[in-house]
Amino acid sequence: MSLTFIQGLELSGTFAFAISGATAAINKSYDVIGLLALAFVTAIGGGTIRDLLIGATPVAWMTDELSNTAIIVAAVIAALFFSYVKILQRWLNIFDAIGLGMFTITGINKGIAAGLPIPVCVALGVITGAFGGLLRDVITGEQPILFTREIYAVASIAGGSLYVLASVFTPLPGGFVQSISVAVIVGIRLLSLRYNWQLPRLRQ
Amino acid sequence: MSLTFIQGLELSGTFAFAISGATAAINKSYDVIGLLALAFVTAIGGGTIRDLLIGATPVAWMTDELSNTAIIVAAVIAALFFSYVKILQRWLNIFDAIGLGMFTITGINKGIAAGLPIPVCVALGVITGAFGGLLRDVITGEQPILFTREIYAVASIAGGSLYVLASVFTPLPGGFVQSISVAVIVGIRLLSLRYNWQLPRLRQ
Amino acid sequence: MSLTFIQGLELSGTFAFAISGATAAINKSYDVIGLLALAFVTAIGGGTIRDLLIGATPVAWMTDELSNTAIIVAAVIAALFFSYVKILQRWLNIFDAIGLGMFTITGINKGIAAGLPIPVCVALGVITGAFGGLLRDVITGEQPILFTREIYAVASIAGGSLYVLASVFTPLPGGFVQSISVAVIVGIRLLSLRYNWQLPRLRQ
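Chains as they are written, first to last, in the UniProt record's numbering: chain F, 1 to 204; chain A, 1 to 204; chain Z, 1 to 204.
Quick caveat, the hints were computed from the structure, so don't treat them as lab data.
Misleading hints may appear alongside valid ones.
Any copy will do: because identical chains look the same in the list, a pair fits if it lies in one copy or spans two.
Stated by the list, open to error - Derived lysine to aspartate or glutamate pairs resembling EDC-like cross-links, with alpha carbons at most 16 Å apart:
no., residue 1, residue 2
1, Lys-28, Asp-137
2, Lys-86, Asp-137
3, Lys-86, Asp-64
4, Lys-28, Asp-64
5, Lys-28, Glu-142
6, Lys-86, Glu-142
7, Lys-86, Glu-150
8, Lys-86, Glu-65
9, Lys-28, Glu-65
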């Protein structure tokens, strides 16, 4: 089996998302079932919500053996090497940003293929990239990080809007547009972490 | 663009639901992403769950530009004029009741069109009218208002049952039956607010 | 109307699941709407998520009058005889275990019919048997029992794996394989309750 570069990028994102779910499970003292379930929900939740909304069933993860394997491996690694996972958080952030970028593009492509309006396609990109983490937070009873702190959805919206506009309105080759858009998402996300950019929170 | 009266009623309901979601986001100090997301989830969550359950995909909001615009406008207004929103709560309750009434009927009509049993159609009405608010409460970590205090689902069930029974078993014209049924829902809901009717809560 | 033995087993499981949802509603001092809704969500939530994931809509409960009646009866009984429900918990555990077993098999059969990979079929079994309770816990704001304490999903996975492997790889008659598999699930579940087996919880 040989992976393409794009598959490798997607897998590294899936892996990082699953680690994030597994870490949340460990922080809540879940058992091994909770560990696996939360790793899966975090990694494939966004794509699953997207597929349900557009009616693409059976949903994608059910036939994506490679991703499912990556999620199980991530859960096992998180359980066995939890203290190292914390140390390697900086690297995981990079993989997570790549996942956000790749998943955003996947979601948008499915929206375009379904003939949906451009803003809805961008929304599907954000849902694909970020709603797995939302489900993770709702299940564990935490306030959603997606809604309260970090430049996460904003990075997805920025790169996603660039992607969909360039795809629909310019003759630029798809691979080029996708590369630039993912780079924009990863760049905004990592810069926001590096310089601690945060969205203002609303006050009463 | 000219709106029909019915579209206007539905839009005022969507607007009120979105304000309710945006208000919850502000109360939780969410950021602008959380504001928009919660306004959307509250306004279109019920209809989305209904569409998923009956397999009507892509779900309705994706192609409903008018509603989506109303939701964004509501979120912006809630963020900019939060203190006024509180003062205008009484008016918002009226719009919210209208939304509950209109959405209940929409849900029931979709159930009838799908050939589902009458009680299930009524359930789809309640889901359409009230489960957006349920999602809002689950995401923000609040106990669901729908299940704990107010005469909300009961109003939807009363008017919805009237509607489905009159639609299926009487030759009365559809527009007439719908008007009466929405009026019953709005009436029960607003009277319950005015006189502080509450369902008894169950005790151990 | 005469019930088959299998229908009787499924109904007793649905009944026990609904009681569990109704009990949670009463513990949270929900009103009668919350009682009914939580009984339904707990009893049919797992099968509904399964049907959504594989695209089997309208979802099963909408045309399953018998189950819906059992759920309403269970909710009424729980509300009227709450103190007795507590005393009868041991019997309810047996019905609940039977429900877990029967629902696991139903979920797996739907996965096999949809041509999904074997591990995904087992996952659909667990989802069908156990995710109604997960929804119950998320809505009421409790940490999911499914992920934190009991031998529940593990029983479903053990019996479910046995079922799917025997169904696919042996010529044994379906009814026989199903009976053994349900017995394994019920047995593991009840033994774990009797002897207080628990999965180890993960620690940081």
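Checked hints:
In this assembly of identical chains, Lys-28 and Asp-137 lie within 16 Å of each other by CA distance both inside one copy and across copies; the values are 11 Å within and 15 Å between. In the homo-oligomer, the alpha carbons of Lys-86 and Asp-137 never lie at most 16 Å apart, since the shortest distance is 19 Å inside one protomer and 29 Å across protomers. In the homo-oligomer, the alpha carbons of Lys-86 and Asp-64 never lie at most 16 Å apart, since the shortest distance is 28 Å inside one protomer and 44 Å across protomers. With identical chains, the CA atoms of Lys-28 and Asp-64 are never at most 16 Å apart, being 28 Å at best within one copy and 37 Å at best between copies.
For a Cα distance limit of 16 Å, the shortest separation of Lys-28 from Glu-142 qualifies both inside one copy, at 10 Å, and across copies, at 12 Å. For the identical chains of this complex, Lys-86 and Glu-142 are neighbours neither inside a copy (19 Å) nor across copies (27 Å), given an alpha-carbon limit of 16 Å. Taking the shortest alpha-carbon separations for Lys-86 and Glu-150, neither the intra-copy value of 19 Å nor the inter-copy value of 28 Å comes in at or below 16 Å. In this assembly of identical chains, the alpha carbons of Lys-86 and Glu-65 never lie at most 16 Å apart, being 27 Å within a copy and 44 Å across copies at closest.
Proximity of Lys-28 and Glu-65 under a CA criterion of 16 Å is satisfied in neither setting, with 28 Å inside one chain copy and 39 Å between copies.
Consistency note: the structure conflicts with the earlier hints numbered 2, 3, 4, 6, 7, 8, 9.
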